[in-house]
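Trainee: Here's the letter readout for the chains.
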Amino acid sequence: MSELQVRKIVAGYDAAPVLRGITFTVPHGSLTAVLGPSGSGKSTLLRVIAGLNRPVEGAVVVDGTVLSGPRVHVAPERRRIGLVPQDAALFPHLDVLANVGFGLPRAQRRGGKALDLLEMVGMTDYATRMPGELSGGQRHRVALARALATEPDVVLLDEPFSALDAALRAEVRGQVRQVLRRAQTTAVLVTHDQDEALSMADHVAVVDEGRLVQVGTPAEIYAKPASRWLARFVGGALVLPGTWSDGAVAGPLGVVPANLADGHVAHPGDTVDLVLRPEQLSVSAIGAGGGPGVIALVRDVAYFGHDAVVTMDLPACEQPVQARVLGDQQWRPDSEVLVGVRSAGLAFTRRRIPKRLADL
Amino acid sequence: MRPARFTAAADLEAAPDPRRRWRAPGGRLILRASAVVAASLAAIPLTYLVVRVAQADGTEIVRALWNARIATLMVNTVGLVLAVSAACLVLGVATAWLLARTDLPGRRVWLVVSSLALAVPSYVAAFGWIATTPVRGFWGAFLVLTLCNVPLVILPTIAALRLADAASEDVARTLGRTRWRAFLEATWPQIRPASLAGVLLVALYVLSDFGSVALMRYQAFTWAIQVAYESLFDRTLAAVMSVVLAAMGIALVAAERRIRGAQARTGSTVAARTQPVPVALGRWRWLAHGGLAVVAALSLGVPLGALARYLLLRTETSTTVKTEDLLADALSTVGLAAAGAVVALALALPIGIVAARFRSRLATATESASYLGLALPGIVVGLSLVFFSLNVAPMLYQSIWMLAFAYGVLFLPKAVGAVRSSIVQVEPGLEDVARTLGSTPAGVWIRVTARIAWPGIGAGVLLVALTAMKELPATLLLRPTGTETLATSLWRLTSGTAYAAAAPYALVLIAVAAVPALLLTREVAGGKRHPEETL
Numbered sequence: 001m002s003e004l005q006v007r008k009i010v011a012g013y014d015a016a017p018v019l020r021g022i023t024f025t026v027p028h029g030s031l032t033a034v035l036g037p038s039g040s041g042k043s044t045l046l047r048v049i050a051g052l053n054r055p056v057e058g059a060v061v062v063d064g065t066v067l068s069g070p071r072v073h074v075a076p077e078r079r080r081i082g083l084v085p086q087d088a089a090l091f092p093h094l095d096v097l098a099n100v101g102f103g104l105p106r107a108q109r110r111g112g113k114a115l116d117l118l119e120m121v122g123m124t125d126y127a128t129r130m131p132g133e134l135s136g137g138q139r140h141r142v143a144l145a146r147a148l149a150t151e152p153d154v155v156l157l158d159e160p161f162s163a164l165d166a167a168l169r170a171e172v173r174g175q176v177r178q179v180l181r182r183a184q185t186t187a188v189l190v191t192h193d194q195d196e197a198l199s200m201a202d203h204v205a206v207v208d209e210g211r212l213v214q215v216g217t218p219a220e221i222y223a224k225p226a227s228r229w230l231a232r233f234v235g236g237a238l239v240l241p242g243t244w245s246d247g248a249v250a251g252p253l254g255v256v257p258a259n260l261a262d263g264h265v266a267h268p269g270d271t272v273d274l275v276l277r278p279e280q281l282s283v284s285a286i287g288a289g290g291g292p293g294v295i296a297l298v299r300d301v302a303y304f305g306h307d308a309v310v311t312m313d314l315p316a317c318e319q320p321v322q323a324r325v326l327g328d329q330q331w332r333p334d335s336e337v338l339v340g341v342r343s344a345g346l347a348f349t350r351r352r353i354p355k356r357l358a359d360l
Numbered sequence: 001m002r003p004a005r006f007t008a009a010a011d012l013e014a015a016p017d018p019r020r021r022w023r024a025p026g027g028r029l030i031l032r033a034s035a036v037v038a039a040s041l042a043a044i045p046l047t048y049l050v051v052r053v054a055q056a057d058g059t060e061i062v063r064a065l066w067n068a069r070i071a072t073l074m075v076n077t078v079g080l081v082l083a084v085s086a087a088c089l090v091l092g093v094a095t096a097w098l099l100a101r102t103d104l105p106g107r108r109v110w111l112v113v114s115s116l117a118l119a120v121p122s123y124v125a126a127f128g129w130i131a132t133t134p135v136r137g138f139w140g141a142f143l144v145l146t147l148c149n150v151p152l153v154i155l156p157t158i159a160a161l162r163l164a165d166a167a168s169e170d171v172a173r174t175l176g177r178t179r180w181r182a183f184l185e186a187t188w189p190q191i192r193p194a195s196l197a198g199v200l201l202v203a204l205y206v207l208s209d210f211g212s213v214a215l216m217r218y219q220a221f222t223w224a225i226q227v228a229y230e231s232l233f234d235r236t237l238a239a240v241m242s243v244v245l246a247a248m249g250i251a252l253v254a255a256e257r258r259i260r261g262a263q264a265r266t267g268s269t270v271a272a273r274t275q276p277v278p279v280a281l282g283r284w285r286w287l288a289h290g291g292l293a294v295v296a297a298l299s300l301g302v303p304l305g306a307l308a309r310y311l312l313l314r315t316e317t318s319t320t321v322k323t324e325d326l327l328a329d330a331l332s333t334v335g336l337a338a339a340g341a342v343v344a345l346a347l348a349l350p351i352g353i354v355a356a357r358f359r360s361r362l363a364t365a366t367e368s369a370s371y372l373g374l375a376l377p378g379i380v381v382g383l384s385l386v387f388f389s390l391n392v393a394p395m396l397y398q399s400i401w402m403l404a405f406a407y408g409v410l411f412l413p414k415a416v417g418a419v420r421s422s423i424v425q426v427e428p429g430l431e432d433v434a435r436t437l438g439s440t441p442a443g444v445w446i447r448v449t450a451r452i453a454w455p456g457i458g459a460g461v462l463l464v465a466l467t468a469m470k471e472l473p474a475t476l477l478l479r480p481t482g483t484e485t486l487a488t489s490l491w492r493l494t495s496g497t498a499y500a501a502a503a504p505y506a507l508v509l510i511a512v513a514a515v516p517a518l519l520l521t522r523e524v525a526g527g528k529r530h531p532e533e534t535l
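Chains S and P supply the protein sequences, listed in that same order. By our numbering, the letter at position 91 of the first sequence is numbered 91, and the numbering carries on one by one without gaps. By our numbering, the letter at position 204 of the second sequence is numbered 204, and the numbering carries on one by one without gaps.
No lab work stands behind these hints: they were computed from the structure. Possibly wrong hints are sitting among the right ones.
[Unchecked claim] What follows is a set of in silico ranges between Cβ atoms, one per label pair, in the way DEER data are often shown:
| no. | chain 1 | residue 1 | chain 2 | residue 2 | range |
| --- | --- | --- | --- | --- | --- |
| 1 | S | Ala223 | P | Pro428 | 38 to 48 Å |
| 2 | S | Arg177 | P | Ala450 | 50 to 60 Å |
| 3 | P | Pro278 | S | Asp300 | 40 to 50 Å |
| 4 | S | Ala163 | P | Asp170 | 34 to 44 Å |
| 5 | S | Ser162 | P | Arg257 | 32 to 42 Å |
| 6 | S | Ala223 | P | Asp170 | 50 to 60 Å |
| 7 | S | Gly136 | P | Ala450 | 25 to 35 Å |
| 8 | S | Pro105 | P | Ala450 | 15 to 25 Å |
| 9 | P | Ala442 | S | Arg71 | 19 to 29 Å |
[Claimed, not checked] Residues on chain S that point at chain P, a partial pick, calculated with CB under 10 Å:
| no. | residue |
| --- | --- |
| 10 | Gly51 |
| 11 | Pro85 |
| 12 | Ala89 |
| 13 | Gly103 |
| 14 | Gly122 |
| 15 | Tyr126 |
| 16 | Arg129 |
| 17 | Arg146 |
[Said to hold, decoys possible] Now the stretches of chain S that chain P is said to cover, found in silico as 3 or more residues with beta-carbon under 8 Å:
| no. | segment |
| --- | --- |
| 18 | 68-79 |
| 19 | 90-101 |
Only a predicted model underlies this, so the values are computations on that prediction, with no experimental measurement involved. Ideal placement from N, C-alpha and C gives every residue a C-beta, glycine not left out.
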């Protein structure tokens, strides 16, 4: 069993802290994605866990062993934590097999263990190639095999797919997920790509400006974002002003059923922000018995094949509204349509008022 | 450090210990300490010179400084530096433009021919001129130094022209500028830092040149220092003049560093670079060929012609050289140069590693100290180390170790450059990964960093050795009695007008100098290296 705990980590370079108190736990054998915009401190977090950066405060604990903490700093070479860097960072002077065997004792470096791992990542035929002769995806698979060869307790993946082109990325992602599952390794993946985080991870930890915004399963993060920023950052969201009345919000889209976000309290008549996902909006033709809705003017249609995003102007709203509809629906720019809401939205109060004060 | 196996909550909640936060591990401490030691060693010549002058009698210094000759020497040296710099700027930029921006046939061949001048040490060129022509004095020194140093402007200017955005010149033409104005207003500002850095380097080499001004009997500082030193009565005068010369050298190096820093910041402003359309020379190309041919004839033809004349038309006189003498000189030259390269490497390793891996005031300071070797003329380093060994370490006086140390200091910038750039090449990410795979910091150095960096470092050491083989002024002052090198023998024979005997030495020296010159020419023209690493 190897469970990774990150506790109240404060770390940075020179004076300015990049991480300002981050806490989460990665259960054994699972993959947690750390998701955040660039510059949010994700890579620093990985360096802290690997022991390459010493935190100012907080602790890194694996299976009850403190690796970083007050008066404790286990050197990276003694941590049993593997790293797959963003650029793969294969040793340019060693062939593929020697790269994979780098962390093994001298006698085993070219032995069966390294070959087994090459087979696991499907690179057996490339054992004697030099890194310069490999494609981007192959390099990442070798880097993963190299990190797994020492049977580490935890593997850290630092944006490992960002250098790959879109088609290759999905493929390599799947392969890596499979290899990690098979090896039952606890893993932390750092990424700024929300699709990657939602599709690969068992848990997602969203980080912004060095602070943890929310931790949860991908479904929780998407369905119950902790803030407006998070809703916009993961999945994209429409944020509309409105007035709260028990279980619904009245605004530019009419009266829309809504739930209050966790920790938010509102009274009827309070101003709130209504958060809706693009796929929660429906678009229908006027007068075709298409149910309730408000009239909107189609401004633009971006067609993706399986689906399409329709951008519309609402009469009572300055910002454009986007709806994600199935690809078989066809709408023309400058036509008038009816916009409706399929399911309950999420309402955020403008100010977070402590519950007792709000009751007065 | 052993992993501590505890998780007591009380320990985790304890306040962090601020003293331990920024403590560098032991290995780094040793590395930094050795960098400081190496930088201090490199600073010995300058420090000792200043100490020596400070200890001298005040009135003696004043007398030396107000000596009418100092003013004359100053005017002579500054005049020569200015004249050669200006000539190299005009000739160098014009040649670079011809070779980089026109449709001149045979541009690649001309590039090699133009940079071959780097393979002729200036005192060998001077030997060629005085052995075959009556040119002497200012014009002789001016001619030889201009022809030998002009590649230092040509090569970086070509590199800059290749990087410069050609489209902005086209835009200037469409806005109503003539071709010449468009070059001046659109292209020249882009290449100016590179050309000026080259010119400053030329100025530095002219300032520190000893062999050719001495052979041309031109009264410049370096020659006067040698004369004052040899006269034995006036060592304070020699020391004072050395300090003045060192100050000028340091000023030039500081200016060159500053221009290079600005050059690094400018960078490119275009997203996609258009391949410039070469300027069609038309009938002018014959003029271009002619001009390049004249320069080549003067810079290569004269020295090589002198060699041919004295090697082929062997006269049966006592002035011909014995093969075993030449062989013995070559052997001692190689041995001394190798010792110098080893010293340079030993000093350069800690400085270069610190410069490549740590951004700190210490890194900047130790790297700057290594550049003293570039700023101090060989004659100054030689003189200072003579004083130093006589007064502080008499057992080292006239030993090969003192000379090897002088080479180490003089060529330290090249060695540090090679170490730094080879190590910068090794991605720090590789070292991080190696650590997570279980290697200790020392293990990472052996298995990753050194393994990847050693070819570059090795090439740098070889370059230092080849450069040291043709060093003249410091060798003259510091060589053990009775030991001659190729350079000192050539100098002695040429001074005594034994040209036939000197010719074989000149040939060997050109062969020695040609290797690094040709190797590095391509990299400087390609913008991969700075010209100061070429000679």
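Trainee: Next step is simple, just say for each hint if it's right about the structure.
Mentor: Here is what the structure says about each hint:
1. About 41 Å separates the C-beta atoms of Ala223(S) and Pro428(P), a value consistent with the hinted range of 38 to 48 Å.
2. Separated by about 37 Å at the C-beta atoms, Arg177(S) and Ala450(P) break the suggested range of 50 to 60 Å.
3. Checked against the hint of 40 to 50 Å, the C-beta distance between Pro278(P) and Asp300(S) comes to roughly 47 Å, which is consistent with it.
4. Checked against the hint of 34 to 44 Å, the pair Ala163(S) and Asp170(P) passes, with Cβ atoms roughly 36 Å apart.
5. A hinted range of 32 to 42 Å holds for the C-beta pair Ser162(S) and Arg257(P), which are about 37 Å apart.
6. Taking 50 to 60 Å as the suggested C-beta distance range, the pair Ala223(S) and Asp170(P) conforms, at roughly 57 Å.
7. Checked against the given bound of 25 to 35 Å, the beta carbons of Gly136(S) and Ala450(P), roughly 28 Å apart, stay inside it.
8. A hinted range of 15 to 25 Å holds for the C-beta pair Pro105(S) and Ala450(P), which are about 21 Å apart.
9. Checked against the hint of 19 to 29 Å, the pair Ala442(P) and Arg71(S) passes, with Cβ atoms roughly 24 Å apart.
10. At its closest, the beta carbon of Gly51(S) sits 8 Å from a beta carbon of chain P; the interface hint therefore holds under the 10 Å criterion.
11. Taking 10 Å as the C-beta cut-off, the interface hint given for Pro85(S) holds, the closest approach to chain P being about 5 Å.
12. Of the supplied interface hints, the one on Ala89(S) holds, with its beta-carbon coming within about 4 Å of a beta-carbon of chain P, less than 10 Å.
13. About 3 Å separates the beta-carbon of Gly103(S) from the nearest beta-carbon of chain P, less than 10 Å, and the hint is met.
14. Interface hint status for Gly122(S): violated, as the beta-carbon distance to the closest one in chain P is roughly 21 Å, over 10 Å.
15. For the restraint placing Tyr126(S) at the interface with chain P, the shortest Cβ-Cβ distance is roughly 19 Å, beyond the 10 Å limit, so the hint is violated.
16. For Arg129(S), the interface hint is violated, the least distance from its beta-carbon to any beta-carbon of chain P being 18 Å, above 10 Å.
17. Of the supplied interface hints, the one on Arg146(S) holds, with its beta-carbon coming within about 7 Å of a beta-carbon of chain P, less than 10 Å.
18. Beta-carbon proximity to chain P at under 8 Å applies to 11 residues in the segment 68-79 of chain S; the threshold of 3 is reached and the given coverage holds.
19. For a cut-off of 8 Å, the count of residues in the segment 90-101 of chain S with a CB near a CB of chain P stands at 3, and the three-residue condition holds.
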